[in-house]
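A.B. asks: Going line by line, the protein sequences match chains W and D. Everything in the first sequence is counted per UniProt numbering, starting at 1 for the first residue and increasing by one. Everything in the second sequence is counted per UniProt numbering, starting at 1 for the first residue and increasing by one.
Please keep in mind that the hints were generated in silico from the structure rather than gathered at the bench. Fair warning: there could be bad hints in the mix.
To be verified - Covered by chain W, according to a simulated footprint, are these stretches of chain D (three or more residues, beta-carbon under 8 Å):
#1 35-48
#2 150-159
#3 220-226
To be verified - Label pairs and their calculated CB-CB ranges:
#4 W:K47 <-> D:D249: 19 to 27 Å
#5 D:D249 <-> W:K318: 14 to 22 Å
#6 D:A56 <-> W:T15: 37 to 45 Å
#7 W:S88 <-> D:A254: 52 to 60 Å
Claimed, not checked - Sample of chain W residues lacking proximity to chain D, with all beta carbon distances greater than 10 Å (derived):
#8 A12
#9 P28
#10 D41
#11 A54
#12 I58
#13 P77
#14 A84
#15 K125
#16 Y209
#17 H242
#18 K251
#19 E278
#20 D284
#21 I290
#22 T323
Don't be surprised by glycine CBs; every beta carbon is placed ideally from N, CA and C.
There are 2 protein chains.
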Amino acid sequence: MAGAAEEKHFPAPTTLSPEMSASVTAAPPPLWLNGVAKPADITPIAKAYAESAAKAAIDMAARYGVKLEETTLGGVPAWVLTPANLSSEKADKIIFHIHGGGYILGHGAAGTGEAILMAAHEGYKIVSVDYRMAPEHPYPAAIDDAFKAYRALLEKVPAKNIAVFGTSTGGAMTLILGIQAAEAGVDMPAALISGTPWSDMDKVGDTYYTNEHVDNILVTYDGLIKSAVEAYAGKNDLRDPHISPVYADEKILAKFPPTLLVSGTRDLFLSNTVRMHERLLLADAHAELIVYEAISHAQYYLNEKAPETRKHYRLLGKFLERTLLK
Amino acid sequence: MAGAAEEKHFPAPTTLSPEMSASVTAAPPPLWLNGVAKPADITPIAKAYAESAAKAAIDMAARYGVKLEETTLGGVPAWVLTPANLSSEKADKIIFHIHGGGYILGHGAAGTGEAILMAAHEGYKIVSVDYRMAPEHPYPAAIDDAFKAYRALLEKVPAKNIAVFGTSTGGAMTLILGIQAAEAGVDMPAALISGTPWSDMDKVGDTYYTNEHVDNILVTYDGLIKSAVEAYAGKNDLRDPHISPVYADEKILAKFPPTLLVSGTRDLFLSNTVRMHERLLLADAHAELIVYEAISHAQYYLNEKAPETRKHYRLLGKFLERTLLK
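Taking the hints into account, I'd like the entire structure generated from these sequences.
C.D. replies: As structure tokens, then:
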């Protein structure tokens, strides 16, 4: 196994910045490679992660002049992020952010990093929902919280002024929120941005195999990803669209607003991303796709020093100009 | 080498049809794996290919009721394809098709397969340009012929009624035609469809490495692709945008009409596709991207028995409805 993995260490292409090249060629994290023995083992790991990542997020918010405040939406804890400069064009708009972390990581302020960079770079006001997670709160706690918070937001802000946005598990939850809204007949947001979504929690998808050990972030389905499936989904049907949105009914997907999907060529979730994109296209939804050169899972979104990260938020901003601001 | 290649034989995902699964798991062709020793060795191979592929194309056209007629455009030989049923909505529209084949394969009717399926499935009238190829006619004969034919077409059909379309080398030539039109101040077509374009003839692009031996069509840059580079580009600068359109100036790309790019997750040219897409997005052009699950280079476009191929032409048709027919 170690031998096979080593054969898949590719150099970074010369077209990447030195900062991103360092990420692309970094050693894969042992936690994601190996996973944990049982769901309860996740708790102390998630607690330690939440502490360090929350500190990093609070520092980052201060550096960019993004105000970070606690709130609740429909009884669900959330963060309000206000950029240093809020333009008049964006003053009545809200981005509803759903953080990633495999339904197990990102408690509290730890989940706000992506929202901070979006607020800082693209100047939007954001609410980031701090939903309950596994193993303490398995399916459907997370998606129930997110949808409850979205419905509470709708009481204050019309849907046409809201975009929903998240990456990885947050990308899947963004799609699931769209499914829930379509099913419930609740107003759809103006746009969805789903970064490299975990759209299939079952091990179905070609790049779970072809990009195994090529992706140096998630590394393999059979490590922490599998642990997260067990902790969150348990014995539930992994083909339930509320767990794996790629299985949503075409009539539901036809109701989606403009949706942007993002991935990278080395991403273990590239298949999760392109399968979802194709299902939306075939449902005649407006669906856009961006795939970044040589990038592993979500490697583009928190690498503050890399120009590729700034460029990523600019491309999200251009999509929002075509949809939320139009 | 053989061992490394064997390790990269992945099963087809269960989501593909049996017909496409057979293609996805087929043994790679020795010609593409090994290439040829010198450019002159291409000539007899290209001749034999042209004979068998032309026969297959003529049979296919007859089966679908597509009329195939020889013509010239600005002195360049071309084929006119007329579908059995031409709707009034499409009667004044023309698709200008540029075939693929590494600038070395696809002489005569051999290059018309993709155009036949487009005419048959989506009901467009098509002209397919039979441009000169290497090794007899190296760069820039091919792109000169295509541009000359396009300009001659403009004398008969307004640019707003023309879409330009091609795959692989034809996908690159489609982009290069856009560059030539922008540089010359010639009217831009209403839309471009560039399937898995050979946008970088230099060995730059992550999936030249990560999808080597994963792609069972092109297999590797270091086989027939490299032979084609030598035969066509010779000592010319591979970073010239007329050879590798991914290096085009942003001001030129900003003039592009709506452009659709298509690739697959196993495609050796996935990086060629997504790099070009990103350059167009950053230039604020309207650029769309589709990446098919588990598909190697252009594996989607001539597999008549696979439902994925029919679906592919339907997605191209939807794009043309948004651009050419709007």
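A.B. asks: Can you tell me whether the CB distance of K47 of chain W to D249 of chain D sits inside 19 to 27 Å?
C.D. replies: violated (52 Å)
A.B. asks: Could you let me know if the closest chain D CB is still more than 10 Å away from the CB of D41 of chain W?
C.D. replies: Holds, since 31 Å exceeds 10 Å.
A.B. asks: If we take the beta carbon of K125 of chain W, is the closest beta carbon in chain D still more than 10 Å away?
C.D. replies: holds (25 Å)
A.B. asks: Would you check chain W against the region 220-226 of chain D, counting CB to CB pairs closer than 8 Å, and say if three or more residues qualify?
C.D. replies: It is violated, with 0 qualifying residues against the three required.
A.B. asks: Can we trust that P77 of chain W is non-interface, i.e. its beta-carbon lies farther than 10 Å from all of chain D?
C.D. replies: holds (36 Å)
A.B. asks: Confirm or reject: I290 of chain W is not an interface residue toward chain D, with every Cβ-Cβ distance exceeding 10 Å.
C.D. replies: violated (7 Å)
A.B. asks: Can we confirm that no CB of chain D comes within 10 Å of the CB of E278 of chain W?
C.D. replies: Since the minimum Cβ distance to chain D is about 7 Å, E278 of chain W lies within 10 Å and the statement is violated.
A.B. asks: Verify that the Cβ of I58 of chain W lies farther than 10 Å from every Cβ atom of chain D, and report whether the claim holds or is violated.
C.D. replies: For I58 of chain W, whose nearest Cβ neighbour in chain D is about 32 Å away, the distance exceeds 10 Å, so it holds.
A.B. asks: Grab the minimum beta-carbon distance between K251 of chain W and chain D and tell me whether it stays above 10 Å.
C.D. replies: Answer for K251 of chain W: holds, closest chain D Cβ roughly 18 Å.
A.B. asks: Run the C-beta distances from Y209 of chain W to all of chain D and say if the shortest one exceeds 10 Å.
C.D. replies: violated (5 Å)
A.B. asks: Does D284 of chain W sit more than 10 Å from chain D, CB to CB?
C.D. replies: violated (7 Å)
A.B. asks: Taking the minimum C-beta separation from A54 of chain W to chain D, is that value above 10 Å?
C.D. replies: Check passes; 33 Å lies beyond 10 Å.
Checked against the numbered hints given earlier, the structure breaks hints 1, 2, 3, 4, 7, 8, 16, 19, 20, 21 and satisfies all the rest.
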